[in-house]
Amino acid sequence: MKRFSLGSLVLWLATTTYLLVFLVYPILYVFVRAFIVEGRFSLAYFYIMTGDPVLRESIFNSFLISTLSTMLTVLVGYAIAYVMVRFDFKLKHVFEVLLLLPFVVPPFVGAIGMIQLFARFGAVNAFLMQLGVISRPIDWFGNRILGIVLLEVLHLYPIAYLNIAAALSNIDPTLEESAETLGVKGLRKFATVTFPLSLPGVAAATAIVFIWSFTDLGTPLMFNFYKVVPVQIFHMAREIYANPMGYALTVFVLLLISVIFLGIKRYATARSYEMLGRGHVSVRLGRMSKTVEVLVSVLLGLWVFAAALPHISVILLSFSERWFMTIIPSRFTLEHYISIFTNDLTSISIRNSLFYSSLATLLGLGVGLLTAYVANRGKLPQTLRDILDMLAMWPLAVPGIALAFGYLSSFSDVPLLSAYGNPTLIIIIAYATRRLPYMVRTIYAGLQQVHRSLEEAAVSLGSKPFKVVMQITIPLILANIFAGAILVFSECMIEVSTSLMLALREEYFPMTKAIYEVSTNLAVGPELASALGVILMIVVSLSMIITSKLMGAKMGELFRA
Amino acid sequence: MDVKLRNIVKKFGKYVALNKVSLDIRDGELFFILGPSGCGKTTMLRIIAGLYEPDEGDIFFGENRVNDVPPYARNIGMVFQNYALWPHMTVYDNIAYGLKARGLSSREIDQKVKWALKLVRMEGMEKKYPNQLSGGQQQRVALARALVIEPDVLLLDEPLSNLDAKLRARMRSELKFIQKDLGLTAIYVTHDQAEALSMADRIAVMNIGVVEQVGTPLEIYEKPRTKFVADFIGEINMLEGVVVGRENGLFVVETVLGKLKVAGEDLADGQKVTVSFRPENVKIRRGKGLVKVRDVMFYGFYEELVLEVGEVQLKAFLSGREVDVKPGEVVSLEIDPSSIVVFREK
Numbered sequence: 001m002k003r004f005s006l007g008s009l010v011l012w013l014a015t016t017t018y019l020l021v022f023l024v025y026p027i028l029y030v031f032v033r034a035f036i037v038e039g040r041f042s043l044a045y046f047y048i049m050t051g052d053p054v055l056r057e058s059i060f061n062s063f064l065i066s067t068l069s070t071m072l073t074v075l076v077g078y079a080i081a082y083v084m085v086r087f088d089f090k091l092k093h094v095f096e097v098l099l100l101l102p103f104v105v106p107p108f109v110g111a112i113g114m115i116q117l118f119a120r121f122g123a124v125n126a127f128l129m130q131l132g133v134i135s136r137p138i139d140w141f142g143n144r145i146l147g148i149v150l151l152e153v154l155h156l157y158p159i160a161y162l163n164i165a166a167a168l169s170n171i172d173p174t175l176e177e178s179a180e181t182l183g184v185k186g187l188r189k190f191a192t193v194t195f196p197l198s199l200p201g202v203a204a205a206t207a208i209v210f211i212w213s214f215t216d217l218g219t220p221l222m223f224n225f226y227k228v229v230p231v232q233i234f235h236m237a238r239e240i241y242a243n244p245m246g247y248a249l250t251v252f253v254l255l256l257i258s259v260i261f262l263g264i265k266r267y268a269t270a271r272s273y274e275m276l277g278r279g280h281v282s283v284r285l286g287r288m289s290k291t292v293e294v295l296v297s298v299l300l301g302l303w304v305f306a307a308a309l310p311h312i313s314v315i316l317l318s319f320s321e322r323w324f325m326t327i328i329p330s331r332f333t334l335e336h337y338i339s340i341f342t343n344d345l346t347s348i349s350i351r352n353s354l355f356y357s358s359l360a361t362l363l364g365l366g367v368g369l370l371t372a373y374v375a376n377r378g379k380l381p382q383t384l385r386d387i388l389d390m391l392a393m394w395p396l397a398v399p400g401i402a403l404a405f406g407y408l409s410s411f412s413d414v415p416l417l418s419a420y421g422n423p424t425l426i427i428i429i430a431y432a433t434r435r436l437p438y439m440v441r442t443i444y445a446g447l448q449q450v451h452r453s454l455e456e457a458a459v460s461l462g463s464k465p466f467k468v469v470m471q472i473t474i475p476l477i478l479a480n481i482f483a484g485a486i487l488v489f490s491e492c493m494i495e496v497s498t499s500l501m502l503a504l505r506e507e508y509f510p511m512t513k514a515i516y517e518v519s520t521n522l523a524v525g526p527e528l529a530s531a532l533g534v535i536l537m538i539v540v541s542l543s544m545i546i547t548s549k550l551m552g553a554k555m556g557e558l559f560r561a
Numbered sequence: 001m002d003v004k005l006r007n008i009v010k011k012f013g014k015y016v017a018l019n020k021v022s023l024d025i026r027d028g029e030l031f032f033i034l035g036p037s038g039c040g041k042t043t044m045l046r047i048i049a050g051l052y053e054p055d056e057g058d059i060f061f062g063e064n065r066v067n068d069v070p071p072y073a074r075n076i077g078m079v080f081q082n083y084a085l086w087p088h089m090t091v092y093d094n095i096a097y098g099l100k101a102r103g104l105s106s107r108e109i110d111q112k113v114k115w116a117l118k119l120v121r122m123e124g125m126e127k128k129y130p131n132q133l134s135g136g137q138q139q140r141v142a143l144a145r146a147l148v149i150e151p152d153v154l155l156l157d158e159p160l161s162n163l164d165a166k167l168r169a170r171m172r173s174e175l176k177f178i179q180k181d182l183g184l185t186a187i188y189v190t191h192d193q194a195e196a197l198s199m200a201d202r203i204a205v206m207n208i209g210v211v212e213q214v215g216t217p218l219e220i221y222e223k224p225r226t227k228f229v230a231d232f233i234g235e236i237n238m239l240e241g242v243v244v245g246r247e248n249g250l251f252v253v254e255t256v257l258g259k260l261k262v263a264g265e266d267l268a269d270g271q272k273v274t275v276s277f278r279p280e281n282v283k284i285r286r287g288k289g290l291v292k293v294r295d296v297m298f299y300g301f302y303e304e305l306v307l308e309v310g311e312v313q314l315k316a317f318l319s320g321r322e323v324d325v326k327p328g329e330v331v332s333l334e335i336d337p338s339s340i341v342v343f344r345e346k
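Protein sequences appear in the order of chains D and B. Going by this note's numbering, the first residue of the first sequence is number 1, and it counts up by one from there. Going by this note's numbering, the first residue of the second sequence is number 1, and it counts up by one from there.
Simulated from the structure, these hints should not be mistaken for lab results. Please read all numbers here as calculations on a predicted model, not as lab measurements. Some hints here could point you the wrong way.
[As the list claims (entries may be wrong)] Dumping the calculated BS3-like pairs for lysine-lysine here, alpha-carbon to alpha-carbon at most 30 Å:
id : chain 1 : residue 1 : chain 2 : residue 2
1  : B       : K223      : D       : K185
2  : B       : K326      : B       : K346
3  : B       : K223      : B       : K272
4  : B       : K128      : D       : K185
5  : D       : K290      : B       : K14
6  : D       : K290      : B       : K272
7  : B       : K272      : B       : K326
[To be verified] With the Cβ distance kept under 8 Å, some of the chain B side facing chain D (calculated, not the full set):
id : residue
8  : H88
9  : Y97
10 : G183
[What the hints assert, rightly or not] Covered stretches of chain B, going by a simulated chain D footprint (3 or more residues, C-beta under 8 Å):
id : segment
11 : 98 to 107
12 : 170 to 181
13 : 300 to 307
Positions of the beta carbon are idealized from the N, C-alpha and C atoms, including for glycine.
Pulled out of the complex, with its shape left as it was, chain B reads as follows:
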């Protein structure tokens, strides 16, 4: 089932939580809504679920406009951040709940609950109560409860944020596997960029009530469309500069690092810009240059160099101990023009 949002506006009092948001989520896709806290991502998910009503705009499930369809009639499965398992029901009853509501026979219910428990690898836990389970197990039950009703859309609200780091990493691949296996359309809200980059088919990056960019993880990472996206995803260096000319189809930008060649479109001479590049795309040349090495930090599979040029601090990630530099050394930098992203300034 594909899901379309058209110009959704949601206000809480005077605060505009969502400002004309439109999204197209494709059938069978694992779609992420990523953003910092307060960006409106959970509000968006709750609007899709029907738990909030939008002030303006339309929501479509397939061809049907579902604005006026209450949550209990949307055939969705939702996994809440705190799991929202009913403490007075066993694991079995929690999972069977939605099936009972759909009036299935107890044999069918039994079959489906068993199937769901197997899917999330929780066989044999039927009779336990939620407070007898670990966080990870509760998480699986919450997922099983949402999946067992065979929802048209699976909604996940920061489902892994209450788990410890190791378990989170394992659940990522498990979740993704189950989603693909069932061919479900899933919408997943998180503030964790690693989660989004590693799991998503596509990501919508949100900031204060608007969608900044929609794209595959690779597009989002390599071709951020706004400074916010560039800054929010991964690490990035940013430099102010001015366009001073063209050379071989590339633009020349004057920065504290000297003249940098960048790929770009339609930049006039004198245009103020911000030049950004990822630390792993920086190459180091020893001896002569403007850049001073402040510090070298060893992280195992890579080293982080803290660099200084004028007032500006930059980062470079070097893998495999390519260059052996020491703090205090002076170096020069080389950056591949195709890995530089330019943002126009006013």
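So that you can see chain D by itself, here it is in the shape it has in the complex:
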């Protein structure tokens, strides 16, 4: 086979150009604007940033929220992963599914439910007063930081669990057995062998959870908590011409993330041990005594229930006519579901979301397919393919707020792409670019399974390369393409940060932004927002089910580092 082909080069140029224009340029633009003041390099904005009390407090709060969230999430994730990987118990397979439920909704929809539950006249107070534990309602979220942390933990623990579980099951069982034969057991074995060997998973989990909770815009917004970095950037994006601080703050976030990523990567390389030829021994799953098994199942059950509670509350709220000082609504209605289709704001948002997400999926599919193909099969030097692969994975490291801020600022004067005019195109591009890694990964996984000899056989029988791709390659990876497309579609439907920042006028709002606007501005806002949220839950659940059917066991890998 040839090592180089013009066709591959053209495809490489096309995909690389897309990524340069819609990923590298906006970020670069933000950096330039942050460091160049009046034509010169300057750190002036950063001096102002560190001097501004509101920004200082926001940065502090963001660190506080993400540090607390990360510590709790990793702790819980580790405990769950250890039990799930190392033990066999009756309800294990049930929990394997239930534990992943939080993937179904973005946490900021859960925030509506959480606020309802813990409101002064909400369900929790009603419950406690009925029990007679308290006599007067408690103001639970007087400190909103705790509410935000709680929601982040309940939403993010599956990511920690999956990463740590992967690391744990990757440990060769003989490494622990040899400790046992040398006289070491229990906690000491865990501390000296198991835990150190699982650290790469812990590191990955820490990085993802920290970055996610640091850059989450939706949740603090729903709690009306403005003194965090993402919300500050969100507000600054609206006054981009007047206030250059948004650039500095976005750069701050991007640099912080780079430092974390590089740190983790260095750490992981230093610590990534090739498990020297795995032994033939399979893991001995621990058995629990009956009491412990019941205890573990109850704890896991309670945890899953806690994680589902905000969403259960959202569902109840969406059907409630009256929910005041009672544990569950006292009267139910379907009215809100009718309203969301008659109310202008919400009905337009449903249409917009479907339109944006469909087109973004198509765009993502096109770019993703070409990228995966060129990166995996392109007849090009390895370096070029690696560059493309790296670029395509980069969106994983760029938070939505930073990308949206980059789009808003760098394309503000470009017709068709300016979010200040008609933002349809830029929203579609934002969605597609944000989720490109998922698309590329699923398709790439498929391509890796299609042995080249299958294509070579077709070529040997006289078929031209393009025909081979259409007749052999694509049909063989069709399941992966579908899986990627459905996953990307549902992720677009629940995309929060770019939706909130890029859709500036009501007629362009997607559902997520409508949920935010409605819940804060209307009298029956939370109920309407919940109904919209329930629709999102259904879309995402369905797509998850279909994707996992198509992808099989590979599903979990998509959410790992």
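Based on the hints, put chain B in the right spot on chain D.
Quick look at chain B alone, frame taken from chain D:
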């Protein structure tokens, strides 16, 4: 420390991995468990280590029944097939691990680690990590780690199978030397018969969950008790036959080679048997006979003759170019009755 196994049964689901296995391993002995993959040899070793619990039967270390003693309390040293060195610890820390667990002072630990490193000829490698070592070096560290705790029993699970042929041959004699030098009781699992024959004091040959024969390498090789052992160890020729009479205290067996005299016990006339003999015990007579030479293969220090009689193929190993035969020639065979082993058939 001698090790006794009594009627050990181990099942995985419905699959019976060990079926009433009993063994006596003597103090200071290098004892081999030899068998093809899937015969249960590793399962047996892991039961001795305490990594598996037997479903039935008893294990004794000396006088003590250790069934309920967990692996970490058995004072064993185990060398795993993949070495199982901890990648996050240096060579020194790997070896010191078991000593730390035993609460030794850091001076004692240091002394013992140095001693173990010297024993396996790895001085000066303390600070390296396992992934900086070659396969052979990793193997030595794994051995040092198992030896340094002065175990009552050393368990070795195919320790040399990941090494290349030359290194394997060298490690054989080194391992044996260290074992004898320390006077350790060692149990060594392998599927490599050359390893077992060349190193073992005694060998247990296993097949699908049962021990077929226990004996010295010479006994196993020359007096195999079952067809499986005969076939598994070395090369052997097998012929079907029927006992037709006695002559001078030997039995006469009718085979495709004609009447063969064999030594044996208690064989009645008309008994169906299998006659087996090693290729190196075959002598060739040129001219006249029933046996046709199909091929002659030269291996340097010996020649292999592929012979055919009727439908049956036989092998003969000739050393020193005793007889100069060519393919196509017809020859007759002579086999010393004492080198023939007879198995009764139903």
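Checked hints:
{"no.": "1", "hint": "B:K223 - D:K185", "verdict": "45 Å, violated"}
{"no.": "2", "hint": "B:K326 - B:K346", "verdict": "39 Å, violated"}
{"no.": "3", "hint": "B:K223 - B:K272", "verdict": "20 Å, holds"}
{"no.": "4", "hint": "B:K128 - D:K185", "verdict": "26 Å, holds"}
{"no.": "5", "hint": "D:K290 - B:K14", "verdict": "24 Å, holds"}
{"no.": "6", "hint": "D:K290 - B:K272", "verdict": "58 Å, violated"}
{"no.": "7", "hint": "B:K272 - B:K326", "verdict": "34 Å, violated"}
{"no.": "8", "hint": "H88", "verdict": "5 Å, holds"}
{"no.": "9", "hint": "Y97", "verdict": "6 Å, holds"}
{"no.": "10", "hint": "G183", "verdict": "20 Å, violated"}
{"no.": "11", "hint": "98 to 107", "verdict": "holds (count 3)"}
{"no.": "12", "hint": "170 to 181", "verdict": "violated (count 0)"}
{"no.": "13", "hint": "300 to 307", "verdict": "violated (count 0)"}
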